[in-house]
Amino acid sequence: AQSVTQLGSHVSVSEGALVLLRCNYSSSVPPYLFWYVQYPNQGLQLLLKYTTGATLVKGINGFEAEFKKSETSFHLTKPSAHMSDAAEYFCAATGGSYIPTFGRGTSLIVHP
Amino acid sequence: NAGVTQTPKFRILKIGQSMTLQCTQDMNHNYMYWYRQDPGMGLKLIYYSVGAGITDKGEVPNGYNVSRSTTEDFPLRLELAAPSQTSVYFCASTIGEGTFNQPQHFGDGTRLSIL
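As they're listed, the protein sequences go chains A and B.
If you want our numbering, it's the 1-based position in the first sequence plus 83.
If you want our numbering, it's the 1-based position in the second sequence plus 652.
For the record, the hints were derived by calculation from the structure and aren't laboratory data.
Only a predicted model underlies this, so the values are computations on that prediction, with no experimental measurement involved.
Honestly, I wouldn't trust all of these hints.
[Unchecked claim] Not the full set, but computed from the structure, chain A residues with beta-carbon under 7 angstroms of chain B: (1) A84; (2) F117; (3) G126.
[What the hints assert, rightly or not] For lysine-lysine, the following BS3-like pairs were computed, each having C-alpha atoms within a straight-line distance of at most 30 angstroms: (4) B:K696 - B:K661; (5) A:K141 - B:K696; (6) A:K152 - A:K132; (7) B:K661 - A:K132; (8) A:K151 - B:K696; (9) A:K152 - B:K696; (10) A:K132 - B:K709; (11) B:K696 - A:K132; (12) A:K151 - A:K141; (13) B:K696 - B:K709.
[To be verified] These stretches of chain B come out as covered by chain A in the derived footprint (C-beta under 8 angstroms, 3 or more residues): (14) 689-700; (15) 738-751.
Beta carbons: idealized from backbone N, C-alpha and C, even for Gly.
With these hints in hand, go ahead and build the complete structure from the sequences.
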C-alpha cells in the first residue's frame with residue numbers, strides 16, 4: 084500500500100518569492116512520482132515526473148522537484164512565483180500498478 | 653490533438669434522475685479512469701478500465717456504473733442521482749504499457765449539481 088501526503092492545503096506567497104510545496108510518500112515498492120497542476124475549471128496537467136536516475140527533476144513553467152529517498156519526499160519548488168502560478172497542485176505516486184495515489188492537493192495563492 | 657474529451661461540461665440534475673457522462677480519448681490508451689473531485693478532498697477513484705470489455709471498481713463506486721465497449725470511450729452512468737453525487741467528475745487515461753512511470757492525461761471535467 085502506498086500513501087501520499089501534501090503538507091498544507093493552502094500556501095500563500097508574494098509574487099517573486101520562493102514557492103515550496105511539500106509532498107511525502109510511503110510505498111512498499113520504489114515509487115514513480117508526479118506533480119500535476121490544475122488551473123481553475125480545467126483538468127490536471129503534468130508538471131514533472133520522477134522515474135529513475137537524476138533526483139532533481141525539471142518541469143514546465145520553471146518548476147522543479149527533488150526526490151529524496153532518505154526523507155521519502157518529493158517537494159516542488161520554483162525560485163520566483165508569478166501570478167500565473169496560482170493554481171491547485173497535486174502530488175501523485177505509482178508503484179506496482181497503473182493506479183496512482185494522489186495527495187489531497189495544495190492551493191497556491193500568489194499575492195501581488 | 654484532442655486528448656481526453658468530456659461532455660457535458662456542466663449539468664444540473666434533479667434527485668432521482670439518471671444521466672451518462674461521456675468520455676473519449678484519441679491516444680489509443682489502454683487504461684481509463686473516472687474520478688470525482690470534492691473541495692479539499694483531492695481525487696477519488698470511482699471506476700477504471702484496463703482495456704475494452706474490462707472494468708473494475710475504485711474507491712467510491714456506489715451509485716455509478718461504467719462500460720468500455722471500445723478503446724476510445726468510457727462512459728460513466730449515474731442511476732438515481734443523489735445530492736451526495738454533486739461533484740466535479742474527471743476522466744483520465746494512460747498508456748498502461750511497460751513501466752508504471754506513464755502520467756495520466758485528464759479531461760477538463762464535468763461539473764454536476766444535483767438538486
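Here's how the hints hold up against the structure:
no., hint, in the structure
1, A84, "violated, 13 angstroms"
2, F117, "holds, 6 angstroms"
3, G126, "holds, 3 angstroms"
4, B:K696 - B:K661, "holds, 19 angstroms"
5, A:K141 - B:K696, "holds, 28 angstroms"
6, A:K152 - A:K132, "holds, 15 angstroms"
7, B:K661 - A:K132, "holds, 28 angstroms"
8, A:K151 - B:K696, "holds, 27 angstroms"
9, A:K152 - B:K696, "holds, 27 angstroms"
10, A:K132 - B:K709, "holds, 26 angstroms"
11, B:K696 - A:K132, "holds, 21 angstroms"
12, A:K151 - A:K141, "holds, 15 angstroms"
13, B:K696 - B:K709, "holds, 11 angstroms"
14, 689-700, "holds (count 6)"
15, 738-751, "holds (count 5)"
Figure legend: structure checked against the earlier numbered hints; the only hint not met is number 1.
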